[in-house]
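S.K.: Listed below, chain by chain, are the residues.
Number of protein chains: 2
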Amino acid sequence: MIGYPTKKKVNVIAKSGDTARRGLSLEEDINQSNLVFLDRNLANIHKKPTPITIVKVDYPMRSKAKITEAYFKIPSTTDYNGVYKGRAIDFEAKETASKTSFSLSNLHPHQVQHMQSVKFHGAIAFLIIRFTSLDETYYLSIDKLTDFTNNQVRKSLPYEWIKAQGHLIPYNYLIPINYLTVLDMYL
Amino acid sequence: MIGYPTKKKVNVIAKSGDTARRGLSLEEDINQSNLVFLDRNLANIHKKPTPITIVKVDYPMRSKAKITEAYFKIPSTTDYNGVYKGRAIDFEAKETASKTSFSLSNLHPHQVQHMQSVKFHGAIAFLIIRFTSLDETYYLSIDKLTDFTNNQVRKSLPYEWIKAQGHLIPYNYLIPINYLTVLDMYL
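Residue numbers (the working numbering), protein chains in the order written: chain A, 135 to 321; chain B, 135 to 321.
Keep in mind that a hint or two might mislead.
Only pairs whose alpha carbons sit at most 25 Å apart, straight line, appear in this in silico DSS-like list of lysine-lysine [claimed, not checked]:
(1) B:K219 x B:K207
(2) A:K182 x B:K228
(3) A:K228 x B:K289
(4) B:K200 x A:K228
(5) A:K182 x B:K219
(6) A:K190 x B:K182
No lab work stands behind these hints, which were simulated from the structure alone.
The shape of chain A in the complex, shown without the other chains:
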């Protein structure tokens, strides 16, 4: 199984190896990347905690507080934000199993409004979209998304459109989602 004669097949093997090695969710990959960015003092970007409504907390004796009733809330902002090279960074990350499009139903309207608002105030706001079946992860700016929704009636972003309007985010083992390389094109 070594020494494939064509460049193309070697690429396929390499890609398959990457996928096998990876096997982590988009969230885990982003968290891992953010840890490296923090550790190398390149950027300070964190995932926000999951928003929940706490209803009931118990205080068992000699033990820490235990939440015994809580519910997930619909997020009003994005999942990730922070600072890079003096700029506020704000993004949402989503995976899709589809090979042909990304359904806009994956985004809450509040999240889109939030990204437009932080962009207005000076942040760099974007989506990270992973096509899990294709093992490709894209950067898409909030402005491109807004252009699309202002001009199209369809409720999903075609894969080919994302590929053309966004940026493929490079993968490596240590930094699985190196979106800073894309940001550097804008900074």
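Given chain A, work out where chain B should sit, using these hints.
M.R.: Using the frame of chain A, we list chain B on its own:
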């Protein structure tokens, strides 16, 4: 009880009136201020959700997911962040009942490191400290805090030092903690 003859006493009355009218926690006052900033399109700053570790989730029939076991985590970042006039904003807010000092034990070391890190990357990082007994709320930059901890052995910030090194944040009914007016002095 009306028509006090001296200016001083009138001030005391006015202040007492403010306190009575307020009666909200620092967190509620900041959230209210942030809502007004968002509504007026002045800034986009939010409180992050409380970080928790979710252990168990039930899915009762025909009902939404219910978290039945979860624990509070020690926060590794600050409670608030966002964007104002193109700058990343990051701060922690704390209350103290003391009239003479603010104990540094109120801050987790991780939170201080986090504020130093985001400052390094270009954010405006600060503390909001309320002396509840005095009904005074101060802005204190992370740099002032770092100076203090680098040069002092004591584990609390004296009230007089905060008053001299920080900025009193103006109060009004609609915007109880108008920290943007302090930020404007730096921008």
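S.K.: What are the numbers of the hints the structure violates, in ascending order?
M.R.: 1 and 3
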